[in-house]
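Using the hints, put the two chains back together into the complex; each one sits in its own frame.
Sequences listed follow chains A and B, in order.
Sequential numbering from 1 applies to the first sequence in our numbering.
Sequential numbering from 1 applies to the second sequence in our numbering.
All the given hints hold, so there is nothing to weed out.
Footprint (simulated), chain A over chain B, 3 or more residues, beta carbon under 8 Å:
1) 32-42
2) 45-56
3) 86-99
4) 218-230
Since the hints were made in silico from the structure, they are not lab data.
Even glycine gets a Cβ: it sits at the ideal position worked out from N, Cα and C.
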Amino acid sequence: MTPILAAFPPEAVKHAINAATKPYWFITLATIGFFLMFILYKWWTRPAIFWTIFGLFLIGYFGSIDDANFRSIVAKPDNVPITMMVISVGLCLWLGLRRAAINDSRVAAGLPLSEEDRDDKVLVWPDLVYSELICLVLATAGLFLWAIVSKAPLEQPANPGYAPNPAKAPWYFLGLQEMLVYFDPWMAGVVYPGLIILGLAAMPFIDVNPRGNGYYTLRERPFAIITWMFGFLILWVLLIFFGTFLRGPNWSFFGPYQYWDPHKAEALNNIDISHMFWIDIMHRARPTADSNPIGALPFWLVREWLGFVIVAAYFFLLPIFLRFTIFKRLYENMGAIRYAVMVMLLLFMALMPIKMVLRWLFNLKYFIYLPEFNANL
Amino acid sequence: MGLLDSPLNYFRNSQVWNSIFRHGVPRDRRTRVMAVMSNVFLHLHPVAVRKSGIRLSFTWCMGGLTFFLFLAEVVSGVLLMFYYRPVIEYAYQDIQDLRAHVTLGLLREIHRWGAHAMIISIWLHMMRVFLTGSYKPPREFNWVVGTILLVLTMLLSFTGYLLPWDQLAIWAITVGSNMAKATPLVGAGGPFAKVMMFPGTDVPMIHAGSDARFFLLAGTFVGENALLRFYVLHCVFIPCIVTVLIAIHFWRIRKDGGISGPL
Ligand code: HEM
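Extracted from the complex, chain B is given alone in its bound form (with noise of 0.2 Å):
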């Protein structure tokens, strides 16, 4: 078959493209099964499952569209990456400046956004898990990673709300962050930190400058070096984790028999 006769089909049976997709065009159960298992990313399914369980009204997707938000975040991330540096100096004016002078400048609002739907769908995600009643054997420990998942999820939309170096942020931070310095024992302002003392002195052991709050921001009160550390938290530290976990996550809902359903 020539070119001109079919383009379609004249590349589907080039070299080129059999060498990606080393199967036919899924059209029946052979080919459809081949599809799921030699592409990496749709091998994160199974090749099959449970009717039941991929209905709307079961899942509500909500797994899926946190997953999805969770890619958007990145990519929308990543390009903001390009304009912003997290100094006190620039950081709101870069933030100004996306406004005003990026082409299309939606970057930050689908970031925004996107950040707080996440939210909005992780829970959801939970609930209908705990509805469903999924976290019961065998997929205790993927109910617990997913716990982890959604701590980390709820700390990168706090680090990420310093960034704009605005009021908005850094007051929220400030009202969120003094929380650590009531922590007891090791928040200065926290249960039992007043009356610990270096011993045989009335040195305080725990203060401003040494407690939980000062590890959270370098430093006593929301400035510069809390900017730098909720940065590098924000955009590489916490979503390495958040995607090695969400790997896991995945992996297990295989392991464990695919999307939960009667036994």
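This is chain A alone, in the form it adopts within the complex (with noise of 0.2 Å):
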């Protein structure tokens, strides 16, 4: 007779799991939750319910140790931090949105936000100085005890000629390693860390909303809150989530209760741009340098034409049409530059997402494929 907790999770809820965690499914349900998290802010901070969701999320991830699959990659020394993240940013987060529903709530009944207490003033020593001890002792005690308890990982010696397989980046660049799967190095691991750095310090000079400043809320910036938070959230949190866990041997997909199959490959039938317009509607070769139909422009402009004019009216009539339609009165607060600015870091960001859904829904590979001048996007 089998004990009744021999297997948790079932192996039913197991397989939905692991299914649920495909690229696709993960990231489409992920930001689905997402923006119900927002929508229902009021509801899911209360403490009873957040305790609740929290603690059967708990049960569930720290349940399925048992899992060998599951363990062989939760346990790993240096993949502990993703643990920790997960669980440090939930939290974070819970306080974060229930200190602003509650001062939505305040606002909207006519109450004084919950930080209004401009004229109450205590001193530093003791109210902070004690609270900084006490945080600096519980801290001390939690490193080391972390560092009783897990040894620091040591592999085999470097070896240059030998590398493993898959091989990974450190776990907090695992976002921009999980973004080659559909960009190139030059935009995955150049371009986006830079527009992530040049964004966040440009952020206080393009959010004019003068409103929200130094106080939790939803209410007062959505949009500034929502964006922000997908980038954080999504963007960065939940791709180093999927890279460090859901991807193994030669960058292949596994769920989190399936075992490591260094044999398995996924086949890959991705396409260009280029390859729909010529092949499959003009149903002809890419022109060449040979074959070129408008001889009087480079061929690769000419093979390329239909991504060029699909990536310039994306970043440059777009932004005038938004400035038009639904950033009209942003613009108007903001102005040109700041109104510019602010709309190149949102459409950059927004390509990731729409790159990864046109990669599910029609594999396509790039828009641009420039190997002329290893230039593709």
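Right under this line is the structure:
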């Protein structure tokens, strides 16, 4: 007789989770969850509800340690930070949105904000230094405890001739490494990190909304919060989780309860826009230097013309269109320069999910395929 | 009062004690203010703060935790430097010896887990500053300082990742530094490098021995030069800049009116 707890979670649940964590499902479901989280923020942040959801998550997560495949990825010493990240981001998200919900309700009811205590000052000694001391002691204890229970990893000595499979960057860069599935290295490894840094630094200068300064709120700055949190939670934290836990040998996808089979190969039949246009629609080979239908133009321009048009429309026409439609008010508040910076950052960010979706739906590889210059987009 | 009646009071009234702490025991308002003002470290704080600003549910203590972890990294890192030599003949062996022969060998664990934790705490700190809108005027500049600290913290962790010189280390750094090869114009494998020739020749200006990755690794692969380079960046160069920036960061918090609150 098998004990009741022999298989937790049950096989059927494992299969369902393995299926639901496939890239397209996982990211789509997470995105739906992301928006629901903001729509329902007054509901789920109530302590009873949050702790129930959180408790169930913890039971499912740590209960799964029983599964050998799950354990082999989660219990790896250098993957422990991922678990810490998931849990602490969850807790902080709750804290922040909980206080936003309280504040928004208070403002709606005509009450002052919970942070409103302009004249209520306390002395740093003892009120602040004592809580700092307590945090310091707790943090020291926590760090020592972690150091005692978990050995720092040390693998075989470096061998430049033998690459492990998969070869992964440090965990905090795995969101970017995951983007390599959809973009070439010059985008995922250079342009995007650069834009993230510049975009963060530019943020205080392009967010001209004077409200929500110094207190938690969602109502008073929904656009800023939802956009930024989408970048942080979905495009950064979630992709790190994905790249660390669900990408195995050859960067193939493996569900959390699946064995990392080194022989699993995923057929790649992704195609470029120019392939779709010339071969699928025009039924002829793509133009080359020797067979160029419009000799006056460089053959690569003729070959990739549709991709160029699409990308140019996205980056140059769309901002103008948006400026007269949904971003009209925003534009009037921000002025041309701020608007241009904001909209470029937004479009670059949106390009990530757009390209993911196009890949899942149409196997799109490149909008613009320019091996002549190593510049594929 | 004699030494034997009340040793604590005896020391507190002694000339030595009073030469260090010029105020009485911080029990009333005046001495508490003095306690903060006359101590160089505590003086990073203002004397009084908004009650709402120091609530744990407001700051999540994440900025403080990041700072604590940075200090823990500095202390454990300096101790590690006593044992570790950044040359490929010894690096791996030194790490192994550290495990096997150093009493209470937790140094490496503390240093590594502290580094991971610092990455998480700095992100959460940034998220809380974002959610409270604390990057808005007058704190724009401090947010920019914070952004630079964020980048440097991740670079600190990245450069440190190589030092154990095991398979995990060199391949993670290989994957990471290969990105530099893809930099447009200055990376040998990146956009346009292969069409940029010295005028009138077919000699490429940018090749594996002259591109951005070469600059990073001091070589075309992760080898002994890269190890030395990362070691110096990790132990000296980046920590010094981070220290200066943290000082600016803290000073600016005070100058911008303390922890933010409704205006
Ligand atoms: C080594 C890294 C860092 C350390 C040690 C640090 C430390 C701190 C501390 C102790 C505070 C006081 C309030 C609190 O704890 O939340 C603070 C506030 C602040 N930090 Fe950081 N921080 C770091 C990185 C960052 C980053 C990455 C950002 C943003 C991109 C940032 C932006 C700010 C801002 C704007 C404030 C003022 C917030 C307010 O007044 O409410 N800091 N920082």
